[in-house]
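**Q** As a plain string of letters, each chain reads:
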Amino acid sequence: MQRVVQVRVKVDVQADRRVLAWNDIHGPARGVVYGLLEEHDPALARSLHDEGWGGHPLKPVGVTSPQFKGAPRKRGVYTTSPQGSVWFGSPVPEIAAALVSALARRAEIVWGDARLRIQGFAVEFGAPAPVAGIVELETATPVVLRHEGRELLPGDAHYIERLEHNLTHKADILGLPAPRGLRVLEAGPRRRFTVRGAPRIGAQVRVAMEADPRFVDAIRSWGLGLDTVQGFGWIR
Amino acid sequence: MAYLAGRMLVSVEAGAPNNGKGEDTTARVKYATVRGRRHPYVSAQAVRRWIRDGMVERGVPASPVTRVGKAQNRAQKANTGADPITYADDDLFGYMRAGAKKDDAATTLRDSPFMLGTLMSVAPVHPTEDFGVMSRGVSEPVLHGHEFYTADLAAPFLLDLPRIGTFTLPNSDGVGRPNYLTEEQALQVAQAAALGAGTEMFRGQGAVRLPVEERRHRAALLLEAIAHLSGGAKQALHYGDRVPSLIVMVPFKGGVNPLAHVITGDEDGLVVRGDVLRKELAAWNGEWVSPVRVGWRPGFRDDLREDFEKVCAQEIAEGTVVVNHPRTILLGLASEMREGAWDAWFDDAAE
Numbered sequence: 057m058q059r060v061v062q063v064r065v066k067v068d069v070q071a072d073r074r075v076l077a078w079n080d081i082h083g084p085a086r087g088v089v090y091g092l093l094e095e096h097d098p099a100l101a102r103s104l105h106d107e108g109w110g111g112h113p114l115k116p117v118g119v120t121s122p123q124f125k126g127a128p129r130k131r132g133v134y135t136t137s138p139q140g141s142v143w144f145g146s147p148v149p150e151i152a153a154a155l156v157s158a159l160a161r162r163a164e165i166v167w168g169d170a171r172l173r174i175q176g177f178a179v180e181f182g183a184p185a186p187v188a189g190i191v192e193l194e195t196a197t198p199v200v201l202r203h204e205g206r207e208l209l210p211g212d213a214h215y216i217e218r219l220e221h222n223l224t225h226k227a228d229i230l231g232l233p234a235p236r237g238l239r240v241l242e243a244g245p246r247r248r249f250t251v252r253g254a255p256r257i258g259a260q261v262r263v264a265m266e267a268d269p270r271f272v273d274a275i276r277s278w279g280l281g282l283d284t285v286q287g288f289g290w291i292r
Numbered sequence: 005m006a007y008l009a010g011r012m013l014v015s016v017e018a019g020a021p022n023n024g025k026g027e028d029t030t031a032r033v034k035y036a037t038v039r040g041r042r043h044p045y046v047s048a049q050a051v052r053r054w055i056r057d058g059m060v061e062r063g064v065p066a067s068p069v070t071r072v073g074k075a076q077n078r079a080q081k082a083n084t085g086a087d088p089i090t091y092a093d094d095d096l097f098g099y100m101r102a103g104a105k106k107d108d109a110a111t112t113l114r115d116s117p118f119m120l121g122t123l124m125s126v127a128p129v130h131p132t133e134d135f136g137v138m139s140r141g142v143s144e145p146v147l148h149g150h151e152f153y154t155a156d157l158a159a160p161f162l163l164d165l166p167r168i169g170t171f172t173l174p175n176s177d178g179v180g181r182p183n184y185l186t187e188e189q190a191l192q193v194a195q196a197a198a199l200g201a202g203t204e205m206f207r208g209q210g211a212v213r214l215p216v217e218e219r220r221h222r223a224a225l226l227l228e229a230i231a232h233l234s235g236g237a238k239q240a241l242h243y244g245d246r247v248p249s250l251i252v253m254v255p256f257k258g259g260v261n262p263l264a265h266v267i268t269g270d271e272d273g274l275v276v277r278g279d280v281l282r283k284e285l286a287a288w289n290g291e292w293v294s295p296v297r298v299g300w301r302p303g304f305r306d307d308l309r310e311d312f313e314k315v316c317a318q319e320i321a322e323g324t325v326v327v328n329h330p331r332t333i334l335l336g337l338a339s340e341m342r343e344g345a346w347d348a349w350f351d352d353a354a355e
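These protein sequences, in sequence, are chains A and B.
Quick note on our numbering: the first sequence kicks off at 57 and runs consecutively.
Quick note on our numbering: the second sequence kicks off at 5 and runs consecutively.
No lab work stands behind these hints, which were simulated from the structure alone.
Please note that the accuracy of each hint is not assured.
[Claimed, not checked] To give a feel for the contact side, a few chain B residues facing chain A, derived at Cβ under 8 Å:
#	residue
1	Leu173
2	Glu204
3	Met205
4	Glu291
[What the hints assert, rightly or not] FRET-style restraints, in silico, Cβ to Cβ:
#	chain 1	residue 1	chain 2	residue 2	range
5	B	Lys81	A	Gln175	31 to 41 Å
6	B	Val293	A	Gly244	25 to 35 Å
7	A	Arg59	B	Val326	53 to 63 Å
8	B	Val293	A	Ile257	48 to 58 Å
9	B	Val293	A	Pro233	29 to 39 Å
10	B	Gly63	A	His112	32 to 42 Å
11	A	Pro255	B	Ala102	51 to 61 Å
12	B	Val326	A	Arg162	49 to 59 Å
This one's a predicted model, so the numbers in the text were calculated from it and none came from an experiment.
For glycine and all other residues, C-beta sits at the position ideal for the given N, C-alpha and C.
Produce the complete structure using the sequences and hints provided.
**A** Given below as structure tokens:
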């Protein structure tokens, strides 16, 4: 069985600009993650990129887009504030260790056109102690799911089925029992981002499921849905 | 159950395993004065050193020690690697690496999950002063002296099992400036994560925790080292076995040690109180897990053993108290731990 850990790292950052370009919100995430992994362990970065993990194409890495606390609200603009953070995580020990090692030595993260100066980073411990039974999880970034090439939103046909399929697949990779009884309790508005020229559409969700505590721990460092390495589906 | 409480007794026969500051040409043993009488002792630091050395002999790499200060004409210090993730001894025995104030270097500290008292003679003993002469090949003999004694030395110990392989980190939600990890701490987290450590809350503080397999392995190493205890000063002249002649251990919920008065002494020497053990176990009912493991070396005070086994006959018959050779008891418990039989002890008991 794959050894599973819960490692969630919050990196506090300050951007060198007041506004992030829309393409620069989720677009650079994947490059940043591979850049970090490559710095510490090029072979790991390459094999994760080319082959995925444990014989599956999925990449057990989670990250968020830069989240700015208290950023001024302006229509149509992604504003920044001095209190920014980017979260990173992975349930796989090797990947988590490589991410944390690389971050420890960094003073800044180049995020697309923006430079994010690292103010410090901390490991998260606030996670509630996992208990067997029904658990509620809420995402901080939109969840991306696809069915027959079409991006799905909560309420669409196949949404639950695809999310359940995604979670089962993740549980398989980690060698843990798959969750059951998945329900969407709440959904945020539709969001559309451009990632490498292609659109990603999704919404933040709050879900409930019956899951093995180890799986809940693992998924908290990975995320819900697809493209977690691109900053989607990170659990709050 | 969280803690392994114990009391061990090392029987010293004509030995000087731990010495104090010498006077002129005479080496003095360490002793404490209790009610005007001398009780020789072996410091906990010395025994911890013996246990550490025993772990190294058994192939466990020791944290490297560096001595700093003297060359720089500053306060002298000897620091270990302060790397409890890589080194089991740093994990089990703790360390303090004090940074120099003027360099603004951080002090790193780990409290020892293994706590040990002073191995103190259970009865007053007057050490013998041995007068020696070195006359081989010299015309004017050199005079020297040293002390030695025969005594039964007992000490309590406590092993905080949940803290083995558990490393607390600054909370990220502290008041005021966030407690960011230093680069060193972050790299330790990374190293721990690579070994499969996860993050969790431990006794109200955020911590990284090595997988239970590694944690139980480390606890077992300690027990195995005690089972093979050797070392101490004056081995050339006063060789003696240091494996405990008597050891009592009981898994306990809190950091209490109910065994203090079980192995004790009076004017005539060693006293082992089965009646005290029975009363303590009754008083702490629900706080400990059966069995109480008693390691008693064959031939060591058979008279006391007979009395003890008579007083505790019912408990022994029921299996609440198990008596065997100390090595068998210690290695048996270590092997049960390694097999995962006592994994629950590696977490704090739920209230």
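**Q** Does each hint hold? Answer for all of them.
**A** Cross-check of the supplied hints:
no., hint, result
1, Leu173, "holds, 6 Å"
2, Glu204, "holds, 7 Å"
3, Met205, "holds, 5 Å"
4, Glu291, "violated, 23 Å"
5, B:Lys81 to A:Gln175: 31 to 41 Å, "holds, 32 Å"
6, B:Val293 to A:Gly244: 25 to 35 Å, "violated, 50 Å"
7, A:Arg59 to B:Val326: 53 to 63 Å, "violated, 35 Å"
8, B:Val293 to A:Ile257: 48 to 58 Å, "holds, 56 Å"
9, B:Val293 to A:Pro233: 29 to 39 Å, "holds, 30 Å"
10, B:Gly63 to A:His112: 32 to 42 Å, "holds, 38 Å"
11, A:Pro255 to B:Ala102: 51 to 61 Å, "holds, 57 Å"
12, B:Val326 to A:Arg162: 49 to 59 Å, "holds, 55 Å"
Hints 4, 6, 7, counting from the list given before, are not met by this structure.
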